[in-house]
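Protein chains in written order, with the numbering used here: chain R, 1 to 270; chain D, 1 to 243; chain A, 1 to 236.
Honestly, I wouldn't trust all of these hints.
As the list claims (entries may be wrong) - Okay, the calculated bits of chain R under chain D, using three or more residues with CB under 8 Å as the criterion:
#1 60–69
#2 127–133
#3 192–201
If you're looking for bench data, these hints aren't it; they were derived computationally from the structure.
A quick note: this is a predicted structure, and the numbers were derived from the prediction, not measured.
Ideal Cβ positions, reconstructed from N, Cα and C, are used throughout, including at glycine.
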Amino acid sequence: MPSENGTPQPVNMPGDALMAMRDVTMRFGSRTVIDSLDLNVTAGEKLAIIGPSGSGKTTILRLAMGLERPTGGWIRIDGRYLWHVQRNEALVPAGDRQARRARRAVGMVFQQFNLFPHMTALQNVTEPLVHVLRMRRNEAHERANDLLSRVGLATHLEHRPAQLSGGQQQRVAIARSLALRPKLMLFDEVTSALDPELVGEVLNVIRDLAHTTSMAMMIVTHEITFAADIADRVIMFDQGRIVEEGEPKVVLREPQSQRTKQFLKAILER
Amino acid sequence: MTDQVSRTLQDYLPLLFQGVPVTLEATLASITLVVIAGFVFGLGRSSKSPFLRWPVGLVVEVLRGSSAIAQLFWAFYVLPFFGVELSPFVAGVMVLGLNGGAYFSEVVRAAFAAVPKGQTEAAIALNLSSWFRLRRVILPQALPLMIPPFGNALIDMLKFTALLSLVTIQELAYRADAIRSVLAEAGPVYGITLLIYFAMALALSVMVQALERLVDRWAGRTHAGDSAKRRAASSVPRWAFRP
Amino acid sequence: MAGRRSYGAAAATISGAMTLEWDWGFALQTLPTLLRGLVFTLEATFYGSLLAFTLGLVWALARLAEVPVASQLIRLWVEFIRGTPLLIQLYFLFFIFPTYGVTLPALETGVIGLGLYYSAYASEVYRAGIEGVPRGQWEASLALGLPLHRVWGRIVLPQAMRFAIPVLGNFVISMFKESAILSTISVLELIGQANIIGAETARYVEPLTMAALIFLIISYPAARLLRLLEARTGAV
Numbered sequence: 001m002p003s004e005n006g007t008p009q010p011v012n013m014p015g016d017a018l019m020a021m022r023d024v025t026m027r028f029g030s031r032t033v034i035d036s037l038d039l040n041v042t043a044g045e046k047l048a049i050i051g052p053s054g055s056g057k058t059t060i061l062r063l064a065m066g067l068e069r070p071t072g073g074w075i076r077i078d079g080r081y082l083w084h085v086q087r088n089e090a091l092v093p094a095g096d097r098q099a100r101r102a103r104r105a106v107g108m109v110f111q112q113f114n115l116f117p118h119m120t121a122l123q124n125v126t127e128p129l130v131h132v133l134r135m136r137r138n139e140a141h142e143r144a145n146d147l148l149s150r151v152g153l154a155t156h157l158e159h160r161p162a163q164l165s166g167g168q169q170q171r172v173a174i175a176r177s178l179a180l181r182p183k184l185m186l187f188d189e190v191t192s193a194l195d196p197e198l199v200g201e202v203l204n205v206i207r208d209l210a211h212t213t214s215m216a217m218m219i220v221t222h223e224i225t226f227a228a229d230i231a232d233r234v235i236m237f238d239q240g241r242i243v244e245e246g247e248p249k250v251v252l253r254e255p256q257s258q259r260t261k262q263f264l265k266a267i268l269e270r
Numbered sequence: 001m002t003d004q005v006s007r008t009l010q011d012y013l014p015l016l017f018q019g020v021p022v023t024l025e026a027t028l029a030s031i032t033l034v035v036i037a038g039f040v041f042g043l044g045r046s047s048k049s050p051f052l053r054w055p056v057g058l059v060v061e062v063l064r065g066s067s068a069i070a071q072l073f074w075a076f077y078v079l080p081f082f083g084v085e086l087s088p089f090v091a092g093v094m095v096l097g098l099n100g101g102a103y104f105s106e107v108v109r110a111a112f113a114a115v116p117k118g119q120t121e122a123a124i125a126l127n128l129s130s131w132f133r134l135r136r137v138i139l140p141q142a143l144p145l146m147i148p149p150f151g152n153a154l155i156d157m158l159k160f161t162a163l164l165s166l167v168t169i170q171e172l173a174y175r176a177d178a179i180r181s182v183l184a185e186a187g188p189v190y191g192i193t194l195l196i197y198f199a200m201a202l203a204l205s206v207m208v209q210a211l212e213r214l215v216d217r218w219a220g221r222t223h224a225g226d227s228a229k230r231r232a233a234s235s236v237p238r239w240a241f242r243p
Numbered sequence: 001m002a003g004r005r006s007y008g009a010a011a012a013t014i015s016g017a018m019t020l021e022w023d024w025g026f027a028l029q030t031l032p033t034l035l036r037g038l039v040f041t042l043e044a045t046f047y048g049s050l051l052a053f054t055l056g057l058v059w060a061l062a063r064l065a066e067v068p069v070a071s072q073l074i075r076l077w078v079e080f081i082r083g084t085p086l087l088i089q090l091y092f093l094f095f096i097f098p099t100y101g102v103t104l105p106a107l108e109t110g111v112i113g114l115g116l117y118y119s120a121y122a123s124e125v126y127r128a129g130i131e132g133v134p135r136g137q138w139e140a141s142l143a144l145g146l147p148l149h150r151v152w153g154r155i156v157l158p159q160a161m162r163f164a165i166p167v168l169g170n171f172v173i174s175m176f177k178e179s180a181i182l183s184t185i186s187v188l189e190l191i192g193q194a195n196i197i198g199a200e201t202a203r204y205v206e207p208l209t210m211a212a213l214i215f216l217i218i219s220y221p222a223a224r225l226l227r228l229l230e231a232r233t234g235a236v
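Excised from the complex, chain R in its bound form:
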């Protein structure tokens, strides 16, 4: 429970939560995008987040990735606080260095792919391996090769992003993030910017990852059937708050909340 001035107090974390957000609030100016959020993701859990635009769901992912610093509350990843350090009994605000350490366990795939346009597909994957994991070049090449083959792009290694379709670019982006072996992978509406016919290839890759790896995932998506298929848990997010939370077959098929019902109706009637 936070103290009066908002300084977070350490709470004994349940042993198996890979990522925990406690009383997280995010304000941009006068707008409160996320309001006192408590969220846990356990190791290997696949969590789907649905909700209308502007509800704050992308911000949840950005906070988990450490791209934004919460206005209040704390975030813990794989045993490390993102923006705080523990001194004796209290949590003290920390800076970018601490965030960098904590971020190691998390990877993110963006809606706009964000591939490095001046590098080939292979280089996009090898560079983080060489410069972050300090792998040797030939090792990195092998591993990058593996990953890109895994997402079905073995024949496109030397292509630049401009020469790839949206679906292919997104798959490179997934391979790139996978390279660092994150324990938690974040997917931010990764198919929303794609032509409809390219959506399937990307979803297949993610489905494959869900079934074959022990990575935890947080997936923000509008693809309801996909979410129903692979998620262990679904969260309906609106106006900065969790509206409903539970198993896919409940939240997506028989939602309890009026708001969820409304949202799903609008989405599925497109």
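Once you have looked at the hints, place chains D and A on chain R.
Below, chains D and A alone, put in the same frame as chain R:
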């Protein structure tokens, strides 16, 4: 009469051409300072901290806002009173360099701003160090954008060196004027001088184009898209001028 | 002519007098003379801009019309003017005119010099603006049966100007600052007056600093105003 003049002009031509190396020296020195100052000011103005942004912004606005010529005279006549003893060449190059740098800082700033924010975020998400981020992600995308304006700035510097003749530096314009006053025939002297400057400008343009190709290769840009754009037809139709 | 030599001579005389104090009284005394010079500066800027923006349009249209020989010549002409120093161009005009029997006061010569120089830059701006009007605009006008002069006057040029005007505005401000170069052909504009005061009183600090300040006081707000207008009209 004109025959006599041309002969004497020919005698003076070598003297005129001796101004070319001085001009080129001044141009090179100035453009170096322009690039350095441009980056320093440009990065300063892009900084997140207002304590860096505002002072730098002020300096840039003052340098841009007053006339380059006024600054030149000011540096030449007023600085000695403040105990700053600079040779005319150094003072001149500094004024041209800082003035040009203030303008170029906008180019630098805009080029960095043109790199999509997602690139920075992807680099952060991949835990790449900020040094790597700057050198291998941002700079290769920002630098190619700066080359064409750099080319313009280079030609501008070439032309501005002519102003250095007003503060006793014996570059091309100074010599042209000196020869003109001896011969009392302005046309041929200044005409030839203009042609020499034009030739230098063309040579510099060619070099900048080569630089552009070099930088594009370093930054890993392919030319497939660009040349297609360049050959695109004019949007003005054939019949626009034939009633 | 207030040529280089008088500057040099003045510099030699002052090197002895080491006065670091800023004389406010003297500084204010210089103002009336400086302001008289400012009038010439403003005149030069005004007429120079007028000339530049009219000529520039002529060059631009001549190039766009793709007339076999003339357009190439004009292109070469524009590149030549942009690629050579304004100072030499001014000297050229200033000394050439008398030999052909043209006796123009220095200010007029300066205006022609400035106007010609900036017309080359303006022509590029006009060209970019006109080229920036999408082909579809032309085609739609044709389909509507509009006469050619209306297509230019009502459809194409207004859109081209939306792009061109902010840039041309910046040129005016640049011309204002660059007009100081007219002092080299003995026009008594702002800097010219400052240098004369300096030469006559052996005190350069006050007049030159005041002149630089006057430049700043006028051009900075003008630049901000221009940026504001740009943002408001949502120009490119």
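Here is how each hint holds up against the structure:
Coverage of the segment 60–69 of chain R by chain D holds [criterion: at least 3 residues with CB-CB distance below 8 Å; count 3]. Chain D is given as covering the segment 127–133 of chain R, and this holds because 4 residues of the stretch bring a CB closer than 8 Å to a CB of that chain, at least three being needed. Requiring three or more residues with a Cβ within less than 8 Å of a Cβ of chain D, the coverage given for the segment 192–201 of chain R is violated, as only 0 such residues are present.
Hint violations for this structure: number 3 only, all remaining hints satisfied.
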